[in-house]
Amino acid sequence: MRTRPYPLSELDDIPGTTVFTARRSREAYHLHKFCMSLMDAGNRAAFKDHERAYLDKFRMSEEQKRAVQDRDFSKLIDLGGNIYFLVKLSNTDGWSTQRAVGSMTGMTADEYAAMMRAGGRSPEGQRSIREGN
Amino acid sequence: MARITAGIATSHVPAIGAAFDQGRSGDDYWAPVFAGYDWVKEWEKSEKPDVVILCYNDHASAMMLDVVPTFALGMAEEFTPADEGWGAREVPVVQGHIELAAHLAEQLVLDDFDLTLMNSLDVDHGCTVPLSLMFGKVAEWPVKVIPLAVNVTQFPTPSGNRCWMLGEAIAHAVESFPEDLNVQIWGTGGMSHQLQGPRAGLINPEFDNSFLDGLIDDTDRLRAITRLDYLRESGTEGIELIMWLIMRAALGPDVEELHRFYHVPASNTAVGHIVLRPKSIGALAQAAE
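For the record, the sequence lines run as chains W and Y. Residue 132 in numbering that gives the first Met the number 0 sits at position 133 of the first sequence, with consecutive numbering throughout. Residue 126 in numbering that gives the first Met the number 0 sits at position 127 of the second sequence, with consecutive numbering throughout.
Mixed in with the good hints there might be a few duds.
[Claimed, not checked] Some chain W residues near chain Y, calculated using beta-carbon distances under 10 Å:
(1) S73
(2) S89
(3) N90
(4) A108
Quick caveat, the hints were computed from the structure, so don't treat them as lab data. Beta carbons: idealized from backbone N, C-alpha and C, even for Gly.
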């Protein structure tokens, strides 16, 4: 019997964290295909010109399309997305990565920036839901 | 004989590249970050490496959508900076080293590392930000580069220990290359950071500094850090630190620390940087004779 270092269910025990797996990657495949299309200036212009028409060219779910239009990054992560793809969208909008990332924390952009300048979020209490440490 | 003469690790935060490109490196926020690289920029002028094996991760710029390689080696004459959604960085095209890359492609597979070979590859900030930090603003990069991309995005990533073993195999492969080449190996990414979810912004200076210490004289401890440990302690993106272990393993058992820098924050990330010299350069080949 081959051994595993820990059960994969442990991945669900990290507070405020969604681990990007192969299954999630597939769920977000068309969303991510849209995101990577924004690596082209012409596509960025077409998207900005008519967001919905541009999104309709991709086989994304209606929920994914709506979350893109809402720039709801938390929702996009829930729907399988990964930040490295999603920043293609925030970069297209001229957002800093910090703004896109901070938008998922429930803090304002200024609050999040201030937290980072003060040394970031402490790992205390953020390691394990079960252990509360 | 080719020899690995030094290992460098650095974070590769995209905002560092943006600050560098937009002339904001002297701002109050960024000046302390860039000051941490003054030493290495001077040092590299006298080291004059011929080739850098640059371990980095592709941030969904050239891979990760249709193909998700665990380890991918760049096999091209040149690698163009990628457009990551705001236009490509205006930095020189990265020049490859076909002969050494082909040798690695052959030797590492023979050594049981089942690499993906990239005959065409655009490189993103993961590769070009470290080059800017080591060499500054230049018309041409002063080295050839062999990009080695590691999946640190989609779980499961390779383990830290697997990365260590790859680094050891790279050391053997380099030393069996007949041409006299001064080779550096760089590990990039990290240190602690998390770019998603309510836990975003996590920074763990204790973990980071303990990792930096371990690179010098406690590498067995670092090899044993599990993926879950990285996720819990250093954030979902902190797991990029496994790429530093490829670099460290390629230097052999004993190293001298030449320079170290640690700073929080750069955007969402703890910046770490270390320069290491193997204590016995070319020892593997000598031992084999």
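Now for the hints, and whether the structure bears them out:
no. : hint : result
1   : S73  : holds (7 Å)
2   : S89  : holds (8 Å)
3   : N90  : holds (3 Å)
4   : A108 : violated (12 Å)
When held up to the earlier numbered hints, the structure conflicts with hint 4 and nothing else.
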